[in-house]
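Asker: Based on the provided sequences and hints, a complete structural model is requested.
Per the numbering used here, residue 169 is the first one in the sequence shown, and the count goes up by one each step.
Derived by calculation from the structure, the hints in this document are not laboratory data.
Some hints could be false.
Straight-line C-alpha distance at most 30 angstroms; calculated DSSO-like pairs for lysine-lysine [claimed, not checked]:
| hint | residue 1 | residue 2 |
| --- | --- | --- |
| 1 | Lys305 | Lys345 |
| 2 | Lys305 | Lys340 |
| 3 | Lys240 | Lys345 |
Pairwise CB distance ranges, derived in the manner of DEER restraints [as the list claims (entries may be wrong)]:
| hint | residue 1 | residue 2 | range |
| --- | --- | --- | --- |
| 4 | Ala296 | Asp351 | 12 to 20 angstroms |
| 5 | Leu336 | Ala308 | 14 to 22 angstroms |
| 6 | Phe234 | Ser322 | 35 to 43 angstroms |
Quick caveat, the model's predicted, so the values are computed rather than measured.
By construction, the Cβ of each residue, glycine as well, lies at the ideal position given by its N, Cα and C atoms.
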Amino acid sequence: MLESQKVAGRPEVTEAASSLTGGVELVADAGTNETPQSGARRGRRKAPVPAGADLSLDPVPCVGTFDERCRKAVEVASMAFTCTGSWVAFYREILGVEGIVVQLFPAELERRRFFGTPQFIAVQEMLAGMRSEDTSKSDAAEPEQMITIRIPRSLHLSLQAESAECNLSINKLAISKLLVPADPRFVPEQVGNIRGRKPGEQGKAVKQGLVKQGLVMQAKVKANATGQPNLG
169 MLESQKVAGR PEVTEAASSL TGGVELVADA GTNETPQSGA RRGRRKAPVP AGADLSLDPV
229 PCVGTFDERC RKAVEVASMA FTCTGSWVAF YREILGVEGI VVQLFPAELE RRRFFGTPQF
289 IAVQEMLAGM RSEDTSKSDA AEPEQMITIR IPRSLHLSLQ AESAECNLSI NKLAISKLLV
349 PADPRFVPEQ VGNIRGRKPG EQGKAVKQGL VKQGLVMQAK VKANATGQPN LG
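Answerer: Here you go:
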């Protein structure tokens, strides 16, 4: 752990604040009610790192006790936090499907246990801090994917109200919710087949069908123009 360090014009970063972040220099805002500890947990850095700095971490072996691996996760995340300003790259390397957390906790039950620890909260607050600083497009780090969901009007109104309270767009608010793993206690059981359009061949078939429909319409228009019988 690094010793407490003073930052010009800012409160001192205490040992308690840096205990979960591996000694990374995180700060609280001066002139506010924010404490040094809460400022550190929010993931504020002394100086922003360029968002264009990509990130590629070496694999981490799954060794040690659960607590040791929790500390290792924060240690690696803290190092990554100082190496890139891209929250997308940070998420991919730390929390993604092949990220450090999955490497350290390959079993689902252990991984869910990690999600309830102070160390996981520290990682999430680093991620939130990076999202606050990162003004680049999310596709600058990797390609974007799009999903469409159907929700009741009342839920949409609630999201609008919550986004206004948080001073965020609904898109950023939705991403904030998606970045936090769902609690199994609040997830319904799936009944019947999973609905939803699958991309790929199904989407290709729909496109081909639309093209065919367009050709048929063109043929009908041409037949009407030449006075030929309409066989459609």
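Asker: 12 to 20 angstroms was suggested as the range; check whether the CB atoms of Ala296 and Asp351 agree with it.
Answerer: Between Ala296 and Asp351, where Cβ atoms are some 18 angstroms apart, the hint holds.
Asker: Would you mind confirming whether the straight-line C-alpha gap from Lys305 to Lys340 stays at or under 30 angstroms?
Answerer: Measuring from Cα to Cα gives roughly 12 angstroms; hence the hint holds.
Asker: Is the gap between the beta carbons of Leu336 and Ala308 within 14 to 22 angstroms?
Answerer: holds, 20 angstroms
Asker: Could you tell me whether the CB distance from Phe234 to Ser322 stays inside 35 to 43 angstroms?
Answerer: holds, 41 angstroms
Asker: Would you mind confirming whether the straight-line C-alpha gap from Lys240 to Lys345 stays at or under 30 angstroms?
Answerer: holds, 25 angstroms
Asker: With a cut-off of 30 angstroms on the C-alpha distance, tell me whether Lys305 and Lys345 pass.
Answerer: holds, 19 angstroms
Hint violations for this structure: none, all hints satisfied.
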